[in-house]
Amino acid sequence: MEANNNDALVIGGVSLTSRLFTGTGKYGSDTIIPDVCEASGSQVITVALRRVDTNAATGNVMQHIPEHMQLLPNTSGARNADEAVRIARLARAAGCGDWIKIEVISDNKYLLPDGYETAKATEILAKEGFVVLPYVNADLYVARDLVNAGAAAVMPLGAPIGSNRGLMTKEMVRILIDEIALPIIVDAGIGAPSQACEAMEMGAAACLVNTAIAASGDPVAMGRAFGEAVRAGRAAYLAQTATVSTGTADASSPLTGFLGGM
Amino acid sequence: MGFSEILSQYDSLDMATYLAAVTPADVERVLAKHSLTPLDYLTLLSPAAEGMLEAMAQKANGISMRHFGKTIQLFTPLYLANFCTNQCVYCGFNTANRIPRSQLSADEVRKEGEAIAATGLKHLLILTGDAPSKSTVEYIGDCAKILGEYFPSVSIEVYALTQDEYAYLETCGVDGLTLFQETYNKTLYKELHPKGPKRNYDFRLDAPERGCQAGFRSVTIGALLGLEAVWQRDAFFTGLHAGYLQDNYPGTSIAISPPRMRPHVGSYEPASIVTDRNLVQYVLALRIFLHNVGITVSTRESASLRDNMMPLGVTKMSAGVTTAVGGHTAEDNGTAQFDISDPRSVEEMCRAIESKGFQPVFKDWQPF
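Protein chains in written order, with full-length UniProt numbering: chain A, 1 to 262; chain B, 1 to 368.
I should point out that these hints are in silico values taken from the structure, not numbers from a laboratory.
All figures in this text were calculated on a predicted structure; none of them were measured in a lab.
Please note that a few of the clues may not be correct.
[Claimed, not checked] Below, computed lysine-lysine pairings styled on BS3-like, alpha-carbon distance capped at 27 Å:
| no. | chain 1 | residue 1 | chain 2 | residue 2 |
| --- | --- | --- | --- | --- |
| 1 | A | Lys26 | B | Lys356 |
| 2 | A | Lys170 | A | Lys127 |
| 3 | B | Lys33 | B | Lys59 |
| 4 | A | Lys26 | B | Lys70 |
| 5 | B | Lys134 | B | Lys145 |
| 6 | B | Lys111 | B | Lys145 |
| 7 | B | Lys59 | A | Lys26 |
| 8 | A | Lys109 | B | Lys145 |
| 9 | B | Lys33 | A | Lys26 |
| 10 | B | Lys190 | B | Lys134 |
| 11 | A | Lys170 | A | Lys26 |
| 12 | B | Lys134 | B | Lys111 |
| 13 | B | Lys33 | A | Lys170 |
| 14 | A | Lys109 | B | Lys33 |
| 15 | A | Lys120 | A | Lys109 |
| 16 | A | Lys109 | B | Lys59 |
| 17 | B | Lys59 | B | Lys356 |
| 18 | B | Lys195 | B | Lys134 |
| 19 | B | Lys33 | B | Lys70 |
| 20 | A | Lys26 | A | Lys109 |
| 21 | B | Lys70 | B | Lys59 |
| 22 | B | Lys145 | B | Lys356 |
| 23 | A | Lys109 | A | Lys170 |
Okay, chain B solo, but in the shape it has when bound (with noise of 0.2 Å):
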């Protein structure tokens, strides 16, 4: 059974409704329980649970100090490229947008790495546009094995790929996959990505999975908040989703990244606005769902946001971000992928991470 067969069981699952009607009852009996079952899981993403954040929170930072201890891992994207075929209507990449675009020699991307391990990040995310026929896999592989002289841990954030291209990927030293559904809503996925190879909705979906089966270690996936009315819809697939790759493939770390929608190159207006406490609410949820995923905060959001969200289960967090092609080395920065919420530098996020009580973690592998 795929994930997709996981997700049509919930076709009839009136959300909206089952959501209005949990009571703080329901979220107490949830809270005390050790395992929960998918639709505990929903009931603690209700409005109801909103209101019982403090308790949530007291159990996700106890999951979230046994499992992981007081600790933070630091890691950066490296975009490579912002050539893009598709036309994401959300994305400052859309190809319809005139923006400049470029793609880095392998001149450039060794000088990026050693901008970048300069300041002591050991673990890399690489980034391209989605356009295979510009960033082909054979650049990324060649990317990933320039980057591997600098970086123990070389991850990516690319096109959906073949089970055989990720296979390829991970022989050049590409140990971690993030890949975001973006909704897991299929006919708005069909809307929001009106042209391009981005369009197949069932080959993106499986794409996590066709990863494990690669042999990468780490698997991170995640719904864009904001794109969906209803953001719980996401959330809770997003669970599902991660959930499902857990059960299924054990040998590899699955692990959660719930960005939101921010201002970017476009006139796209989010069809929800998800807060502060719905962020919050959805991660605590997560924590106590999946005791065992690792969670990511990325700059998308503000400082002291990502500050005060560090008890509550995250395990990851970018640091030194720039959404910009050679956006490390390059004096005009080009233009980003979207605008970022917290630019503090590697040096100011330690500090932010110490003065929290935890410990940022440079390198969290050893490739051998």
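Bound-form chain A, shown alone (with noise of 0.2 Å):
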């Protein structure tokens, strides 16, 4: 159950009780694929479409994949904007939907994103109606731009894609979550679920989180355990978690004092 029963992430018209998104790429088996997705709550995937081949009597992610998620296929894979497009559209042509994630990297050392083809083909593809998601670096200025071209949300990076470092950016994403007014979604580098649950407690509209859950000792367990971080951060945020105190007395002298008995 979600802390609030009215407390729906509302995407694209999609109305999502779990804020949590999960992947599928990494796992040992795709067939492990259901049970995290039940284990955690999750109700959103993402999928490369590179990975998907829609000819495969057998062994297509797709099929592991339950009925109920909403699908957010990706274009990992794409290196410019015009990539970017060409992979969305054949994704839809392929039948996974109108949401799409744009990935566009073309640094394969570090697998950081490009803003500036991002928002290109975040306007692009908008345009047509696709529901964009895209996954960029913790920066109000490209955050801008991609309000200006239609993005449905922002996904700012917690740290390096697979680096399990947890939220790295925080000033970044606190300064999005402030700033803009789409939902921000941390994507990338999350290792645990109190980093997922910090990340929530900020703010945070959602988390997706792929490489932590299928990398972990038990992808089930852990698909649970985000969930539960996920939820519990999320809670904490519309509870208004109290201020923090200093740590020190308070002084026996106040400055104000002399006004005390006034």
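Build the complex: two chains, separate frames, hints provided.
Take a look at the structure:
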């Protein structure tokens, strides 16, 4: 159950009660995907179109994605806006729906997203009716460009993809949460449920977690842990955490003490 | 600065002395780092590091799991022709060897493609001998077009080409290039390649870079381990070459294949014996040095070794392999380029990969 039944996340007209997005990559077997989905409670799952083989009788990752999941195909492999747009159109033609996660990466060493090309692809695809969720660096200017381009959400990285380093971009993500009117979904780098919880406490709309679940010792149990962490973080955000104590005693002679007797 | 200039920076490095001086403490210091310098990488190739393979394996496994997960991409080679104009002393296709020579026709290419596609494989590597007048660039391009009907990814392993020729093949649907330098030792290279166009060391050395410039999506390089008396030399320079390409062509996915000498037609004896431990050490050091490069272990290696190397950083494996022209459909498989050690079918490889807790990935590219 969600912390608040009315606290749905609405993206592209779809109402989501789970704020954990999951992935399909890096598992030792795709057959585990349904169990991870169930344990985590996730309702959105991303899949690389380049791994989808619509012609395969068996061994197709799509066969393992539960019917109720909102499919979020991604443009993994795209090196520029043009390639991302073409992959998105292929995804739609292949029956993957209108949601698309834009990934434009032309640096195979660090796998960091190209904000400029991502914004260009977002603008084109949003005009074509796609629900566009772009994966970007936690950069206010890029995020503003994405708002203007028609994105449905902004997905800043918490740390380099696959690093499991956690919310290293915390202060930048906080700025996006404060300044951008779209849902901010922390994507990439989150390595532990506590880190996802922290992002949610800050006010992130959702977290996308793949490597930390898929590469864990027990992906189903880890999926469950992430589901609970995201719910806990969201509940804490809604409950408005109390102010932090400075840890020092109140001064016995406050500077405004002279006003007390007035 | 081209890679040859980087190579020349190490002309004065006494590699044997450096390797002998490395201590276990040096290796521990390197293993504690996140980013390695070239000499850190060489430290991991040292005899001292050979005694610390488990610590290296733990680190390499962690890096591999984060970046690639529990997946192994499958591919298979398709030999289009074995005509050759070279005399590489270590190769069964050596023009001086009296073996039957052949080249597939368009119909035969289609039949081979259909036979391979029926196994479910989606990534194909097409090969020819080094005979530009027989296996012309146009012939290779025509074959790629035919095979593109069956495979979303078609790569080439052919003689070194110009950038324009690579660019032409890219328009024919070729998306990847594999090219082995064989050895980075220029003097030795000349001795091993006494005749033929492959004798041009520099033209071959720069070919992977030309492939990157031509727009190939993936470029795989490697040295043939065993040609050099000190195997670490070629392992070191291969890693540096891959790092150079990755730094300068970040849009291209760079991969390394570490083949060892295998028996073949001819009498060449390797200059060094690269043991299983050496090969494992090389792959571990590569993964720790270059976190995101692909690493291929071919069917030159035994089934048990390949199975045990899956968690150590390997990302690609060949399956259902024949190194003979027309070997996927012909009853008489002809003369192979070399003998393979792991003859398992695609289905058998899948079972082996799954038994290790890994997922065989058939398709990892979508052309558009």
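Verification of the supplied hints:
no.	hint	in the structure
1	A:Lys26 with B:Lys356	holds (14 Å)
2	A:Lys170 with A:Lys127	violated (31 Å)
3	B:Lys33 with B:Lys59	holds (11 Å)
4	A:Lys26 with B:Lys70	holds (5 Å)
5	B:Lys134 with B:Lys145	holds (18 Å)
6	B:Lys111 with B:Lys145	holds (14 Å)
7	B:Lys59 with A:Lys26	holds (18 Å)
8	A:Lys109 with B:Lys145	violated (31 Å)
9	B:Lys33 with A:Lys26	holds (25 Å)
10	B:Lys190 with B:Lys134	holds (24 Å)
11	A:Lys170 with A:Lys26	holds (26 Å)
12	B:Lys134 with B:Lys111	holds (20 Å)
13	B:Lys33 with A:Lys170	holds (24 Å)
14	A:Lys109 with B:Lys33	holds (17 Å)
15	A:Lys120 with A:Lys109	holds (23 Å)
16	A:Lys109 with B:Lys59	holds (18 Å)
17	B:Lys59 with B:Lys356	holds (19 Å)
18	B:Lys195 with B:Lys134	holds (17 Å)
19	B:Lys33 with B:Lys70	holds (24 Å)
20	A:Lys26 with A:Lys109	holds (18 Å)
21	B:Lys70 with B:Lys59	holds (15 Å)
22	B:Lys145 with B:Lys356	violated (36 Å)
23	A:Lys109 with A:Lys170	holds (23 Å)
Going through the hint list in order, the structure does not satisfy hints 2, 8 and 22.
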